[in-house]
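Number of protein chains: 2
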Amino acid sequence: MATLIAPEDFSAAEDALDIKKACLGLGTDEKVIISILGHRNSFQRKLIRQAYHEIYQEDLIKQLKSELSGHFEEAMCHWTLDPVDRDATLANKALHRTPPDCRVLIEIACIRSPEDLLTVKRAYCSLYNHSLEEDVASRTTGDIRKLLVGMVSCYRFDGEEIDEGVSVSEANILHDEIKEKAYNHEEMIRILSTRSKAQLNATFKRYRYIYGTSIRKGLMCDPTNEYLTALHTVIECIQDPKKHYVKVLRNATNTAQGIDKDALSHVILTRAEKDLKDIKELYLKKNKVSLDDVVARATFGDNKSFLLALLGNEEN
Amino acid sequence: MATLIAPEDFSAAEDALDIKKACLGLGTDEKVIISILGHRNSFQRKLIRQAYHEIYQEDLIKQLKSELSGHFEEAMCHWTLDPVDRDATLANKALHRTPPDCRVLIEIACIRSPEDLLTVKRAYCSLYNHSLEEDVASRTTGDIRKLLVGMVSCYRFDGEEIDEGVSVSEANILHDEIKEKAYNHEEMIRILSTRSKAQLNATFKRYRYIYGTSIRKGLMCDPTNEYLTALHTVIECIQDPKKHYVKVLRNATNTAQGIDKDALSHVILTRAEKDLKDIKELYLKKNKVSLDDVVARATFGDNKSFLLALLGNEEN
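Taken in sequence, the protein lines are chains A and B. Going by the working numbering, the first residue of the first sequence is number 774, and it counts up by one from there. Going by the working numbering, the first residue of the second sequence is number 774, and it counts up by one from there.
The hints are simulated quantities; they were obtained by calculation from the structure and are not laboratory data. This structure is a prediction, so every number in the text was calculated from the model and none was measured. Just to be clear, a hint being listed does not mean it is correct.
To be verified - Listed next, with one range per pair, are the computed distances between beta-carbon atoms:
| # | chain 1 | residue 1 | chain 2 | residue 2 | range |
| --- | --- | --- | --- | --- | --- |
| 1 | B | Lys954 | A | Gln1030 | 43 to 49 angstroms |
| 2 | A | Glu888 | B | Ala779 | 47 to 53 angstroms |
| 3 | A | Thr914 | B | Gly915 | 20 to 26 angstroms |
Glycine included, each C-beta is placed from N, C-alpha and C at the ideal position.
Using the sequences plus the hints, can you model the full thing?
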């Protein structure tokens, strides 16, 4: 379930006027902007952008960029974007990091539905005049490239039908490769990048049944090995996206280098309209502390108010 | 330009009634079926199928399958299918040959637009409960698998914008790999499977400019090497689809094993509504004989009449 609290009745034109009013004058009234955009779903935000453009012949996101600053600006602009454009933007940003942020790319490739991934790839082409595949291929190398290009390229079958024969034979193939530590062997990448999620989950289950251990336990855990870490992420995103996000959130708030604000806000922005309520519950169960409290301690100012609003926390 | 001659005014219901009438009784009146379906574009055929289903609660294609036979049955059924379903069906059939027919898969992956390829992949999933990618991956091996999975997976950028810097650097990469005969090196597959067609054509042009010879001349020609043949086909389909089809047609009618009727009708069926007129002109120029004459000699009976109708030849 979602955490976003959005009214059923709203007027895009009134919202556009109120946002413009909040931007006029010397200071910007961030609270008003949060109270509006922090409580509108993606369709409503789209209508507000359209209304804003019709009334003022200005792009709302450009306006927000010029009025806001820091993490809050980035979060609010990403939020206001159409979710598909947001994913394309996040993927591009992830690719331009050194080294590229594989996690973000894997989340988009493996957690979004095949149809959603497709619309993200289409949006990527029209935003950057390149395909996502070619940018992934030209910005990564070696095994990680093979894995990531496979992941972002494939249009998987999205149905529930599975083939038990395939589960058995491919559980065995995966086990052989894991046993021989041939993680970069093409069979593993072929299976993980082309099979449907339902089929892969059946294969993972069969793996556990035959070999008495999960496939992820079978894989070595070595945080310094980028490829192995990416493999773990792929399997985690296909097996249990919510558990994956809980882990990302915990890591983002528990780093020795301080809070990873990007990771924190990515999860909140991309899941607030989808399953953030379930992720919050799982987070509480796993960490004995509420995500709202962690976010309240880890952030401050307008960014804090905004993220808490998206978390469905109305008390801030 | 297309060769198909279809009337602007038509009635789907009348066509459906006339086809049913042609199917009733002891013999089927194939001429009537050809005179109708051989002169309707894909949208009109779709409406006829719908009308047929509404009136008779029967699928027109099932009806045609039970009434017709041989090559004519297959050609007429493929023609009556929605073009996207036809491509998905042809891809599946190509994959089930031993060895798989790479040419058909490469044509679909490299000649169709990125958006069309996408709709074919969507149709493939819904027809076969598998993705095209996973079937290609599980029915091929080695280098040919890497190449074909790359080709069918990618959603290329479809714009005309190119980067001259990329053309130069990737022409050099391709040349190095060709020089070292490292045709299966991942850089070549990466470039051919992810770059836009406009970018690839700029790279091929730059290759010729720098090295004084075309990339295809640089590649060895060895018809017994399946991978090398597939590479040639990929480059040919990206560079000049019409020239490619002329070659396919010439090979289909010039084999020592007799006429390759599948290849012949594939080209006619898939291009009749697109550019078959240009292909015919190029065929005549290259072979000094008209495609209509060759088809008339190579086929007979209803299949001949049907293919000639699609070729825009009204005299048969």
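Now the hints, each set against the structure:
1. Lys954(B) <-> Gln1030(A): 43 to 49 angstroms: holds, 48 angstroms
2. Glu888(A) <-> Ala779(B): 47 to 53 angstroms: violated, 33 angstroms
3. Thr914(A) <-> Gly915(B): 20 to 26 angstroms: This hint holds: roughly 22 angstroms between Cβ atoms.
Of the numbered hints stated above, the single one contradicted by the structure is hint 2.
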